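Using the sequences and the hints, build the whole thing.
Residue numbers (my numbering), protein chains in the order written: chain A, 13 to 394; chain B, 49 to 605.
By construction, these hints were calculated from the structure, which means they are not laboratory data. There may be inaccurate statements among the hints.
Keeping only pairs whose Cα atoms sit at most 25 Å apart, straight-line, the calculated DMTMM-like set for lysine to aspartate or glutamate is [as the list claims (entries may be wrong)]:
id, chain 1, residue 1, chain 2, residue 2
1, B, 496, A, 72
2, B, 430, A, 77
3, A, 48, A, 134
4, A, 124, A, 145
5, B, 430, A, 145
6, B, 435, A, 72
7, B, 430, A, 72
8, A, 25, A, 238
9, B, 496, A, 101
10, B, 496, A, 177
Computed from a predicted model, the values in this text were never measured in an experiment.
Now for the letters of each chain:
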Amino acid sequence: MTIARTAVSVDLKNVTKSFGRTRVVDSVDLHVEPGKLTTLLGPSGCGKTTTLRMIAGFHEPDSGEIYIGGRRVDVLPAYLRNTAMVFQDYALFPHMSIFSNVAYGLRIRGVKPEEIKKRVTEALDLVQLTGMENRFPAQLSGGQQQRVALARALVIQPDALLLDEPLSNLDAKLREAVRSELRDIQQRTGITSIYVTHDQEEAFSLSDTVVVMSEGRIQQVGTPEDIYYRPANRFVAEFVGNTNLLSAVVLTAQREHVVLAAAGTTLVATSPGRRFAPGQSVLLTVRPESVHIAATTPPAGEERRWEAGELNVLPCQVVKTTFLGSRSRHTVRLPDGALWTVDVPDPGTATMTGGEAFVAFAPERTHVIASEAPGGTSASAG
Amino acid sequence: MELSAGKAQRHTGRHNRTLTHAGKVMREPALVFVVGGSVALLVVFLFLPLGKVLAMPGAGDWLSYFETPRFVRATLNSLFMAAISTASATLLGFAFAYAVTYAEVPGSRIFRIIGLLPLMSPPFVTGLAFILLFGRRGLITWTLLGLRPDIYGWKGLWAVQTFAFFPTAYLSISSVLKAAGSNLEFAAVNLGARRWRVFRDVVLPLATPGIAGAALLVASQVLADFGNPMLIAGDFTVLATESYLELITNWSPARAAVLSAVLLVPALVVFLVQRSIVERRSFVTVTGKPIQGTRTGPAPWLKWGLAVFCLAIALFVLAIYGVILVCAFVKTWGADFTPTAYHFVMAVIHGRELGNSLMLSAAAAAFSALFTVVLAYVVQFKQVPGKAVLDFAAVLPSAVPGTVLGIGYVLTFNSGPLAMTGTAFIIITFMVFHYMAVGYRTASGMLKQIDRGIEEASTNLGAHSLRSFWSVMLPLMRPAFTTGLVYTFIRSMNSVSGPIFLISPTWTLASVSIINLADHGYWGQASSLGVAVVGSIFVVLGVARFVLGEKVRLFEI
Numbered sequence: 013m014t015i016a017r018t019a020v021s022v023d024l025k026n027v028t029k030s031f032g033r034t035r036v037v038d039s040v041d042l043h044v045e046p047g048k049l050t051t052l053l054g055p056s057g058c059g060k061t062t063t064l065r066m067i068a069g070f071h072e073p074d075s076g077e078i079y080i081g082g083r084r085v086d087v088l089p090a091y092l093r094n095t096a097m098v099f100q101d102y103a104l105f106p107h108m109s110i111f112s113n114v115a116y117g118l119r120i121r122g123v124k125p126e127e128i129k130k131r132v133t134e135a136l137d138l139v140q141l142t143g144m145e146n147r148f149p150a151q152l153s154g155g156q157q158q159r160v161a162l163a164r165a166l167v168i169q170p171d172a173l174l175l176d177e178p179l180s181n182l183d184a185k186l187r188e189a190v191r192s193e194l195r196d197i198q199q200r201t202g203i204t205s206i207y208v209t210h211d212q213e214e215a216f217s218l219s220d221t222v223v224v225m226s227e228g229r230i231q232q233v234g235t236p237e238d239i240y241y242r243p244a245n246r247f248v249a250e251f252v253g254n255t256n257l258l259s260a261v262v263l264t265a266q267r268e269h270v271v272l273a274a275a276g277t278t279l280v281a282t283s284p285g286r287r288f289a290p291g292q293s294v295l296l297t298v299r300p301e302s303v304h305i306a307a308t309t310p311p312a313g314e315e316r317r318w319e320a321g322e323l324n325v326l327p328c329q330v331v332k333t334t335f336l337g338s339r340s341r342h343t344v345r346l347p348d349g350a351l352w353t354v355d356v357p358d359p360g361t362a363t364m365t366g367g368e369a370f371v372a373f374a375p376e377r378t379h380v381i382a383s384e385a386p387g388g389t390s391a392s393a394g
Numbered sequence: 049m050e051l052s053a054g055k056a057q058r059h060t061g062r063h064n065r066t067l068t069h070a071g072k073v074m075r076e077p078a079l080v081f082v083v084g085g086s087v088a089l090l091v092v093f094l095f096l097p098l099g100k101v102l103a104m105p106g107a108g109d110w111l112s113y114f115e116t117p118r119f120v121r122a123t124l125n126s127l128f129m130a131a132i133s134t135a136s137a138t139l140l141g142f143a144f145a146y147a148v149t150y151a152e153v154p155g156s157r158i159f160r161i162i163g164l165l166p167l168m169s170p171p172f173v174t175g176l177a178f179i180l181l182f183g184r185r186g187l188i189t190w191t192l193l194g195l196r197p198d199i200y201g202w203k204g205l206w207a208v209q210t211f212a213f214f215p216t217a218y219l220s221i222s223s224v225l226k227a228a229g230s231n232l233e234f235a236a237v238n239l240g241a242r243r244w245r246v247f248r249d250v251v252l253p254l255a256t257p258g259i260a261g262a263a264l265l266v267a268s269q270v271l272a273d274f275g276n277p278m279l280i281a282g283d284f285t286v287l288a289t290e291s292y293l294e295l296i297t298n299w300s301p302a303r304a305a306v307l308s309a310v311l312l313v314p315a316l317v318v319f320l321v322q323r324s325i326v327e328r329r330s331f332v333t334v335t336g337k338p339i340q341g342t343r344t345g346p347a348p349w350l351k352w353g354l355a356v357f358c359l360a361i362a363l364f365v366l367a368i369y370g371v372i373l374v375c376a377f378v379k380t381w382g383a384d385f386t387p388t389a390y391h392f393v394m395a396v397i398h399g400r401e402l403g404n405s406l407m408l409s410a411a412a413a414a415f416s417a418l419f420t421v422v423l424a425y426v427v428q429f430k431q432v433p434g435k436a437v438l439d440f441a442a443v444l445p446s447a448v449p450g451t452v453l454g455i456g457y458v459l460t461f462n463s464g465p466l467a468m469t470g471t472a473f474i475i476i477t478f479m480v481f482h483y484m485a486v487g488y489r490t491a492s493g494m495l496k497q498i499d500r501g502i503e504e505a506s507t508n509l510g511a512h513s514l515r516s517f518w519s520v521m522l523p524l525m526r527p528a529f530t531t532g533l534v535y536t537f538i539r540s541m542n543s544v545s546g547p548i549f550l551i552s553p554t555w556t557l558a559s560v561s562i563i564n565l566a567d568h569g570y571w572g573q574a575s576s577l578g579v580a581v582v583g584s585i586f587v588v589l590g591v592a593r594f595v596l597g598e599k600v601r602l603f604e605i
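Structure follows, in structure tokens:
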């Protein structure tokens, strides 16, 4: 495939954009690695799409600079940036055949007809639409249209591939299939890609790097695992998946090892990359599936650590149990009143129905974040 | 702390904006050129003439309006005629629309087409046919009944305007009736409502804003009409004809301007009210799902009654064309019905008028279609300052009576640096700017339904804005382009009120000649030209449909 060129990086330096009085993107600094797929993840209105459109050139930043492959592009009009975008609604040209749609960018670049034919055929092969050249967009299914849009973007050998919630108009099953295809194609072509979505599963399954945004600011940049298990703040912890929070006070903090006082006992947590001072009020987060629940006996598979006292253990009251098929979900009340969710996989019939129990969770799954979210949202522990 | 940060931010923001503004201009010189050109054209050919009409008369001229009884009378006559003709034409249009769109009486398909015919021919053809049927030498009144009634006056004009403009109401109301009920009707039936109640409780309330809009559309056309009052009204003067007299017969431009300005007032009021009604009408379309199932029609006796009514109207419309056609090819209407081609040869073959009309209308249509499509694109898709003003300016001409704009053109372009009266160019520009609203509105409406992403995709793939417009937007807007083309052509062919001020010995037009010929009693030649105008319009429509291979969506305004 001749689609890949030397992959380049995309950099945003202190980029700010307001619409009227609303600051939609606020001092964003971002480095996108060459050849990687980076996702901008966040709720609607967080500024992710605006950021993407600034890279494409559809919005001009109020301040800040944008670089693609080291070349400053925010001063260039959109049509000179060589970024290819896949739009949410595909934006195929309805009056052109599939071939002409894909060929459009090449024709503008003055590529010779025989070369166009060759590259369009290759691109359609890549997205498995061989033989569809003479159809029109209206004759294609949503998934096929999406792939045409992708082929049209890839064929121009863009410096950056921009994808704006490209899967949101597909039904759930198709979305999963196209998602893995997309990941496959991106890895084969090695084009630096920026992907916008509000769907965390999509973000995790596709991305090398995830950038979580909220209210125009970047909340965290990291691998999917980082984002999930080691959220940088309360917003990320709560936006990505379900989480359990508990107020705690730092007793000692040595490098990544933090000892906390919480719910009348001492707990151990890890906190890579962030420093906390003794006496500081913090929040502790644990994912529901990282928590074990046990009436008396140690949780299965964790007997040794349970015996050795290497797990964090808290007494709890089971409030409610819901059977969800692949797992059962328990709502438990901790000594300080906090309600936690505990997911037990493969529950079988042995579901807990109420009464006293213990929750146990490993220190490496226990994560500490500041109790104040940036932006001043008050963080009363839930 | 936060305050100072904000200040600093604002400061750099402003600094940066001026930079990018300059940058934008550099980047899209084509856009700057198009916007600048459009604004200049609108200013020179729309606002300047209108401004002249308002600014030219002095205090004394304004005073003379109140001191001259016939001016005041013409004003009251205009309003009176607009009121009664609107009421009757809307009623007729409603009944017709109800019959063919809602009740679907037998023969509806044919009635629908016949009901649209008058929209494609000049309104004064109706006036001409009335004279030929009911005038002093009228086929019915004189030849058959031996009567010599006086149809010249307000009653005759009322009858003519009712027939000339009911198609406008019919078209507008029938599109409303089509959308108004839909599944809500079935809901009402399901809840136990009978036919009449369904109509009264569901359909009619939903259609009311649309009907009001239709009535206002008729009102503005009656107010502005010049040809029929000229032919039929006799002593019953209206503002359009009175200002013509002031300018052409009395050569008193200032007083003509005063009368025009007075005519502009009700015209603008009607326009603004209609605009606001149309804008608020959205709820009809929100629930307007396509109809599935059989509608509850009226009772059989009413249905057959309506069918007879429609047949009568249809026959009358056909009679209008029939009379004109016969009159064009007989020696002396009302006296000697021997066939002859003399009138036709004199008026059409030897005359330059039809050729001029075709040529100038075609030129106006081509330019108008392109101009409105480009203007709509710029307003809808581009970030340009003053978009709302441009948008308003583009639809404003539909509110301005042709007489007013025509007088404005005479006042503006008769002398000085912009002198061009007597040229073909001034007639073409008048046509372009007077009839641009429909093309613009159609293009605008289409653009609102085109996903912005389509153009962005083109830009994103490397096309600059001119290229994107040419290879993506223009093909997508082709139906709007065609509509603007055909509409402007038809209206220009039929136009009298403005061109009557702008024609010259070299550049006469068929439409104006028909009025003049009829005014002097040359019925045969007037009819011949009428036949030629109507005929060429149908030919052009047919060719447009054939060549462009699409239905011209002319009447879904």
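Quick rundown of the hints versus the structure:
1. B:496 with A:72: 23 Å, holds
2. B:430 with A:77: This hinted pair holds, its Cα atoms lying about 24 Å apart.
3. A:48 with A:134: At roughly 22 Å apart (the allowed maximum being 25 Å), residue 134 (chain A) and residue 48 (chain A) satisfy the hint.
4. A:124 with A:145: 18 Å, holds
5. B:430 with A:145: Not OK: residue 430 (chain B) and residue 145 (chain A) at ~32 Å, beyond 25 Å, violated.
6. B:435 with A:72: 20 Å, holds
7. B:430 with A:72: 14 Å, holds
8. A:25 with A:238: 23 Å, holds
9. B:496 with A:101: 15 Å, holds
10. B:496 with A:177: 22 Å, holds
Taken one by one, the earlier hints fail for this structure only at number 5.
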